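Hey, can you piece these two chains together into the complex? The hints should help.
Line by line, the protein sequences are chains A and B.
Under the working numbering, the first residue of the first sequence carries the number 1, and numbering increases by one thereafter.
Under the working numbering, the first residue of the second sequence carries the number 287, and numbering increases by one thereafter.
For the record, the hints were derived by calculation from the structure and aren't laboratory data.
Predicted model, so just to flag it, every value in this text is computed and none were measured.
From the three backbone atoms N, C-alpha and C, an ideal C-beta is built for every residue, glycine too.
Any given hint could be a false lead.
One-sided excerpt, in silico: chain B residues whose CB lies under 7 Å from chain A [said to hold, decoys possible]:
id, residue
1, Ser-424
2, Val-437
3, Thr-597
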Amino acid sequence: MLVYGFINGTIYALIALGFSITFGVSRVANFAHGGLYILGGALTWYSLVKLGLPYFLSAILAVVAVGFLGALIYRVLLIRLRGLELSEVITTFAVGIAILELLRSMGLMGYEYRLPLFVEGSVDIFGVPVGIQRIIIVVVGAALLLALYLFVHHTKVGLAFRGVAQEEHTALSVGINPDRVSLLSLSIGSMICVISAVFILPLGTISVDDGYDVLIKALAVCIIGGLESTIGVIAASFIIGYIEVLTATYISSSYTMVVALASMLFILLVKPSGLFGKSKEIEERV
Amino acid sequence: MSLERRKERIDRCIKAVTDDIFCICSLREVAYLVFPRMLPIVGVLLLAFFVPPYWKKVLVITFMMTMMALSWDFMTSCGLISLGQALFFAVGGYSAGSLNHYLGLPFYLSIPLGTLMGATISTLLIFPALRLRGIYFSMVTLIIPLMLLRVVEVTKIMGGTEGLTALAPLPPIVYTLAISMIAMWLTFFGLRRFINSDYGLIFMALKDNDRAVEAAGLNIVWFKVQAVFIGSGICSFCGAFMTHYYMSVGMSAFALDLSLFPIASSVVGGMGTIAGPLLGALLLGPLSEALRSFGTFRIVIYAALLAGFTTALPEGIFHYLARKYHQIERWVEVPSGVSED
Numbered sequence: 001m002l003v004y005g006f007i008n009g010t011i012y013a014l015i016a017l018g019f020s021i022t023f024g025v026s027r028v029a030n031f032a033h034g035g036l037y038i039l040g041g042a043l044t045w046y047s048l049v050k051l052g053l054p055y056f057l058s059a060i061l062a063v064v065a066v067g068f069l070g071a072l073i074y075r076v077l078l079i080r081l082r083g084l085e086l087s088e089v090i091t092t093f094a095v096g097i098a099i100l101e102l103l104r105s106m107g108l109m110g111y112e113y114r115l116p117l118f119v120e121g122s123v124d125i126f127g128v129p130v131g132i133q134r135i136i137i138v139v140v141g142a143a144l145l146l147a148l149y150l151f152v153h154h155t156k157v158g159l160a161f162r163g164v165a166q167e168e169h170t171a172l173s174v175g176i177n178p179d180r181v182s183l184l185s186l187s188i189g190s191m192i193c194v195i196s197a198v199f200i201l202p203l204g205t206i207s208v209d210d211g212y213d214v215l216i217k218a219l220a221v222c223i224i225g226g227l228e229s230t231i232g233v234i235a236a237s238f239i240i241g242y243i244e245v246l247t248a249t250y251i252s253s254s255y256t257m258v259v260a261l262a263s264m265l266f267i268l269l270v271k272p273s274g275l276f277g278k279s280k281e282i283e284e285r286v
Numbered sequence: 287m288s289l290e291r292r293k294e295r296i297d298r299c300i301k302a303v304t305d306d307i308f309c310i311c312s313l314r315e316v317a318y319l320v321f322p323r324m325l326p327i328v329g330v331l332l333l334a335f336f337v338p339p340y341w342k343k344v345l346v347i348t349f350m351m352t353m354m355a356l357s358w359d360f361m362t363s364c365g366l367i368s369l370g371q372a373l374f375f376a377v378g379g380y381s382a383g384s385l386n387h388y389l390g391l392p393f394y395l396s397i398p399l400g401t402l403m404g405a406t407i408s409t410l411l412i413f414p415a416l417r418l419r420g421i422y423f424s425m426v427t428l429i430i431p432l433m434l435l436r437v438v439e440v441t442k443i444m445g446g447t448e449g450l451t452a453l454a455p456l457p458p459i460v461y462t463l464a465i466s467m468i469a470m471w472l473t474f475f476g477l478r479r480f481i482n483s484d485y486g487l488i489f490m491a492l493k494d495n496d497r498a499v500e501a502a503g504l505n506i507v508w509f510k511v512q513a514v515f516i517g518s519g520i521c522s523f524c525g526a527f528m529t530h531y532y533m534s535v536g537m538s539a540f541a542l543d544l545s546l547f548p549i550a551s552s553v554v555g556g557m558g559t560i561a562g563p564l565l566g567a568l569l570l571g572p573l574s575e576a577l578r579s580f581g582t583f584r585i586v587i588y589a590a591l592l593a594g595f596t597t598a599l600p601e602g603i604f605h606y607l608a609r610k611y612h613q614i615e616r617w618v619e620v621p622s623g624v625s626e627d
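Looking at chain B on its own, in the form it has when it is part of the complex (with noise of 0.2 Å):
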């Protein structure tokens, strides 16, 4: 008789206490719910001040790649399936850098606005595809980035090849640090505290059902471009410090990497969660730049991650981690004759 037996999962008695107004009141329940909460924040912070200052570049750098990623789990959560992150960062970047160039505007204004300017001019070139679903969304998100790197190409503006030089430097590296990570953080609760709220339902339901909001009298494409310019602002922001703490903004803006670390990461992560994304990224920074040695090779490794995450965790590390947390496993027997799936 063969044993079949299969593997079931109990919430943790903690847990069960917790979710409901019981959860304050013990000092045991209340770091049950605030220890997941806060050790990514304490974490990030102590690491930032006691790194060397070789990896504090690094962080800088992986606070805005986690941004990126928070930015596409959340066009992504909205049904917006975008494979050209990058067409968002190298606007926001050049946007920023012709600000500081051609006018010569000092870094803290031309950071923010060249994120409003870049948010409007990548809003409007979607704007087309934003009539189109799901696959073909993507298809045309994949192509305009490319596009508009022939554009600078070709037409030598901005620099042409060798992108803009010399621009405005940002302050030293613990400002250039805390100002990054706590852009991060505001974006992060942002994010979640936006898709939570009654507005925010209208855009998570775009993805669920858009027919429905349509019926329910929404404009469909209007959210869809609201949906953009945020997610597209968030990157801009990305492109716009990123340019400045280079000192200079090149076609290597709209390089692949850029487009595919913001979906290794989320998909790593856990997609649709905004923690996971944020997860992902964090632990793929870095990894990102140990990498660095390789040379492109590394951009193999990420897509492999990706194809291997997509088919054997789909649902990404933070749901596995929070499983985990909150659920006891055991193997139990199951009686002969009944399968489950």
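Excised from the complex, chain A in its bound form (with noise of 0.2 Å):
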């Protein structure tokens, strides 16, 4: 139980991680991120089972044509609409629904739209059998957070992602672009999104309704999380994780996911920043 709470945490850290990160830089509150997702298993599939290319092509053509949507999302739209709070929530959310709607009437439903497992069979792990699959995404879940930490801290891109979402005027006096950089978190944050995708979808089938979860599941991790922190998303993607294992092992698997949108309104009415939220963002958010 232990373990498979932990599988299910790094799960829902990956899915928010990409919404976060996107918000954390540009402000831009990506609600087309369960679009994107479903988007990114969907093209997967179909270079995988369509056109009969190799799993790790497919999932990487996917990765990239994702990101590059999520650019041109940030270039066509949301451009025009910077600082527009309102009108950004509402044009992301359009796209994500015209995605998801889209996707829907082409007639992505049942069971044949399923990845394949990476690798079948499971190990034992403190007794219990776990599939090989899951360990992939907690090795992936870990290697991918290394990466964004390493980037974030250690490159060029990565300083000015942290300079824009510091403070934007001041990072464009010192000559960063702070559209060029919100178009990359943009994009970046689409491919984490679709990695995730990847990883994931093959636990279950690719269903239109899965990325209106997704984009709850992220909503509600970066909510009791504290939007803007890392930590604080992995710690509720933890929390959450752990309460969706409890519920189902103690109460009914049926329960899940009202126990953790409940759990993010409790926390919500006792501290409204989140568990990580710091003074700056109360200012923000309250």
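Written out as structure tokens, the structure reads:
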């Protein structure tokens, strides 16, 4: 159970990471997150099954394509709306729904739409059988986090990201183009989102409703954790991951989502800035 | 030499005249003022009673959706950007449905009571999120209806996935149509009057500068509670009314269309104007009926419209039309070296 909670938490962290990095840098709440997630899965499926490309290649293709789409969304739509929170929310929300419902009307539903597991079989960890796919997810999650940390702290572009996140105007005055950075952040957020899709989706089928679930989960995690802090997001993912597993074990697996979301409402009521929110964020949120 | 031109906009003479007390000087000026205001009222009235029966049903739905759009616009004007208007609709619908189903109340009791109950319950549900601002609030409103949907699905309360059926029907279509139309105009004029009153100004100030409201010694949260209560009350009425109209209420009341439609019509019509959403909803309602055969692709069209309008014509149709009505536009040359954004 502890092991499953851990894996569950990693899955949440992967889902929320793309959302939080986009928001943290560009302040754009990417409500199209769920749409991009499923689109990534669907693209991978398409090139794998219909075009017969190898798994690895099709995954890369999907990641690149959706990353490009994310950049396109920023370049075409959001660049005109910077700073208008309301319009940003509505636009990304609309784009996400458009993607999801388009996929639905194109007939993305049913059991045939599923990605194969990378490696079949399972191993025992502390006496619990765990599918190798889930272990891969944990490894990938850790690797992605590490890569992101190195990227943000030790590359020029990554430092520019942090600059824009902290103070856009000052960043502008030292020669960082905030629009370019925001574009990149949206694109990278989308890419992370697809990477997580490629690894997580083999556990189930690709369905449109999952897209909405993913969006909600990402939002819930980010709200609980405090949107800007990556630590908070990770902590919140594990909290929700364990809560879900506990609920599934002791109450009923159909209540998992309800309990997770109810705990989110409760945390909001007690501490509106999220568990790891700082005073600066309280200014903005409350 | 490149010829730079820009669009110059000048108020029509008649607008300048009618801005003032002279507006009642001649019939022409009175007509200028009255015409755009009477057109929708009379138009809708005529339309309602002279269309074939099938379209009457569509109109009832359209009027209800218009009320949802008005309520969304009102809440947005108070700085509460809701992405889950379906929540209020569903809570109102389920309230009226259970009052009718379990207590056997007739529709003329269950609709008003359901509205009140719905507004109260919705406000309580939204309450934890009220201390949040902007996007954070939107995120929570997006989540709550989906959470409730799960609750209903899992606990099987109030009919579970099937919903409540065989509820009391509404009176014949003519009366239903009349009631819905009256409700819509009451909401419209009520909200307009409310917003322009002294008390309503506080609500508008919540959006523009809530710190100032707080500094004035007013409790923001309490005013937000009132705003949500009004907004959700309107939607709950729609929910209650539609529940009796369809004679059933089910999980589809939480559907995404219901959250999306008010936003779409407000954006298309023009946000923050009250008249804009009305116009947008009256346009989009019949349109969505005409697109019914497309199935879920309809939502794609909504969403595309939404994204297109927010980026390309953010002011919305209402402002656009008002400008055309009030102003003359012409291209004028700009002296070289002077550019205007």
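We went through each hint and held it up to the structure:
1. Ser-424: holds (5 Å)
2. Val-437: holds (6 Å)
3. Thr-597: holds (5 Å)
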